[in-house]
Amino acid sequence: MQIEEWKFTAKDIAEKTDLFMSGHRACAGCAPATVMRLILKAVRGPTIVTMATGCMEVVSTIYPYTSWALPWLHTAFENAAANASGIEAAIKIMRKKGRIKDEHVDVIAIAGDGGTYDIGIQALSGAVERGHDFLFVLYDNEAYMNTGIQRSGGTPLGASTTTSPAGEVIPGKLEAKKPIADIIVAHEIPYVATASPYYWRNLITKVRKGLEVEGPAFLHVFAPCPRGWRSDPAKSIELSRLAVETCVFPLWECISGEYKLSSPSKVIAMAPQKKKPVKEYLAVQGRFRHLFTPKYEKLLDEIQRITDQKWQKLLKKCGIA
Amino acid sequence: MSFPKTRKEMPLTPLSLPTVGSMGKTGSWRTFKPVVNYSTCTKCTLCWIYCPDGAITRREDDSPEIDYEYCKGCGICANECPVKAITMEREEE
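Note that the protein sequences, when read in sequence, are chains A and B.
Here the first sequence stands for residues 1 to 321, numbered as in this note's numbering.
Here the second sequence stands for residues 1 to 93, numbered as in this note's numbering.
Worth flagging that the hints you see were computed from the coordinates, not collected in a lab.
There could be a bad hint or two in this list.
[Said to hold, decoys possible] No farther apart than 30 Å at their CA atoms in a straight line, the calculated lysine-lysine pairs in the DSS-like style are these:
id : chain 1 : residue 1 : chain 2 : residue 2
1  : B       : Lys84     : A       : Lys16
2  : A       : Lys266    : B       : Lys5
3  : B       : Lys8      : A       : Lys11
4  : B       : Lys5      : A       : Lys16
[Said to hold, decoys possible] Derived CB-CB ranges, DEER-like:
id : chain 1 : residue 1 : chain 2 : residue 2 : range
5  : A       : Gly126    : B       : Glu91     : 47 to 53 Å
6  : A       : Arg201    : B       : Glu9      : 35 to 41 Å
7  : B       : Lys8      : A       : Asp182    : 31 to 37 Å
8  : A       : Pro165    : B       : Val83     : 20 to 26 Å
9  : A       : Gln150    : B       : Lys8      : 22 to 28 Å
10 : B       : Glu91     : A       : Lys317    : 48 to 54 Å
11 : A       : Ile183    : B       : Ser28     : 40 to 46 Å
12 : A       : Lys317    : B       : Val83     : 37 to 43 Å
13 : B       : Lys8      : A       : Lys298    : 54 to 60 Å
[Said to hold, decoys possible] Calculated Cβ distances over 10 Å to all of chain B for the following chain A residues:
id : residue
14 : Arg25
15 : Leu38
16 : Val43
17 : Thr47
18 : Ala89
19 : Lys92
20 : Glu103
21 : Ser236
22 : Ile255
Idealized CB from N, CA, C, for every residue including glycine.
Construct all of the structure, not just a fragment, from the sequences and the given hints.
This is the structure:
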């Protein structure tokens, strides 16, 4: 299947009004907030957003205020995807019965990593299996940040969180990150992709593709959280670049089961000397501080080994190497 | 549709209407403020793209203008500016 790529210039998106407004209460340096702004730059017409509980819901919609300048529905932690399927089905039947104007309405479901990896996965799995036409955006800040930095299925190996504290006994989280995007690819849906806010053009194009495709689409967006990652607020976007350059979070898209590397990662695949060591990415984050002490140094090599292994596996899937 | 400009203009309804500044003027959170040096700025608009608060607006000629009412002073714009035309300066009393 071919999806036509939306060609746009910076001016095109500049002329669009910001649909995610200023004055929300996200922490200073919150990358998920940048992600929300960029996602809404890609909407093409009437759009309804539904959102699971999570940081971005808590910071932007404290009754009676909302920062979203488009129809927005809050739902419980576990059912962002179920809500989206309901909205999509309702629009379909209301259009058929002539209750609303007969025009296409895009549905976007947004959830954090807790609302996708752990709590929301059954609703998501069901919705993509039923083939509803919606885009699911996962903004991954790698822990339950709004409730106090508890570990989630998305927390990477060795990260210190409040429920997997690094100390005498354990070196942070002992388990690896769940390969959520691959799980969704296994559902054989038309469009799955990963994106990072540093590569904003890539991110906006992917959101647009996800909206244009017929049927369910899934977008996994990397979103550094300075509060939970114990990093400098100014470095949030830099971290989203480092994650791609160290191949911790490679960018790819999978259209109808065919994997394809996106250009920022393809550059690294073509010129392996450009691949940075994982250390560079970990050293900027306080949650990995313990890995740089003699006691847990070995884990650093282990993380590098796992990252390389996953990268090689991805290259094979994309038909490179 | 026009949106209410401030919280005071919000009508009393069970429905939330979008408004700028849903949490008040978040600029008061700031300890460092970004200052743009317009002579070195190349108008690449990257600061505008990456600002999590949408506190940077573009002027007619694409140069950035920072809205100090909502800027939280995170420093992302200064960090990402390719020509380092934005510096973070301490807020004076």
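Whether the CB-CB distance between A:Lys317 and B:Val83 falls inside 37 to 43 Å = holds, 39 Å
Next on the checklist: Quick check for students: does the CB of A:Ile255 sit more than 10 Å from each CB in chain B?
Outcome noted: holds, 26 Å
Taking 30 Å as the top limit, are the C-alpha atoms of B:Lys84 and A:Lys16 close enough? holds, 27 Å
| C-beta pair A:Gln150, B:Lys8: status relative to the range 22 to 28 Å that was hinted | Hint violated: Cβ distance 38 Å, outside 22 to 28 Å.
Original post:
Holds or violated: 20 to 26 Å for the Cβ distance of A:Pro165 and B:Val83?
Top reply: This hint is violated: roughly 41 Å between Cβ atoms.
What's the verdict on B:Lys5 and A:Lys16, does the C-alpha distance respect the 30 Å limit or exceed it?
Distance of about 19 Å is within 30 Å: holds.
query = Closest CB-CB distance from A:Lys92 to chain B, is it above 10 Å?
reply = The claim holds: A:Lys92 sits with its nearest Cβ about 24 Å from chain B, beyond 10 Å.
Query raised in the report: Does A:Ala89 really sit off the interface, with its C-beta more than 10 Å from all C-beta atoms of chain B?
Result: holds, 23 Å
Regarding the assertion that A:Leu38 does not contact chain B, is the least Cβ-Cβ distance greater than 10 Å?
Contrary to the label, A:Leu38 does not stay out of reach of chain B, its closest Cβ about 7 Å off (not over 10 Å).
_Given as non-interface: A:Thr47, partner chain B, CB spacing beyond 10 Å_ = holds, 14 Å
- Query: Okay, B:Glu91 versus A:Lys317 on CB: inside 48 to 54 Å?
  - Reply: Given a distance of about 50 Å, which is inside 48 to 54 Å, the answer is holds.
Quiz item: When you take the CB atoms of A:Ile183 and B:Ser28, is the distance between them in 40 to 46 Å?
Solution: Given range 40 to 46 Å: holds, Cβ gap about 43 Å.
Of the numbered hints stated above, those contradicted by the structure are hints 2, 3, 7, 8, 9, 14, 15 and 21, listed in ascending order.
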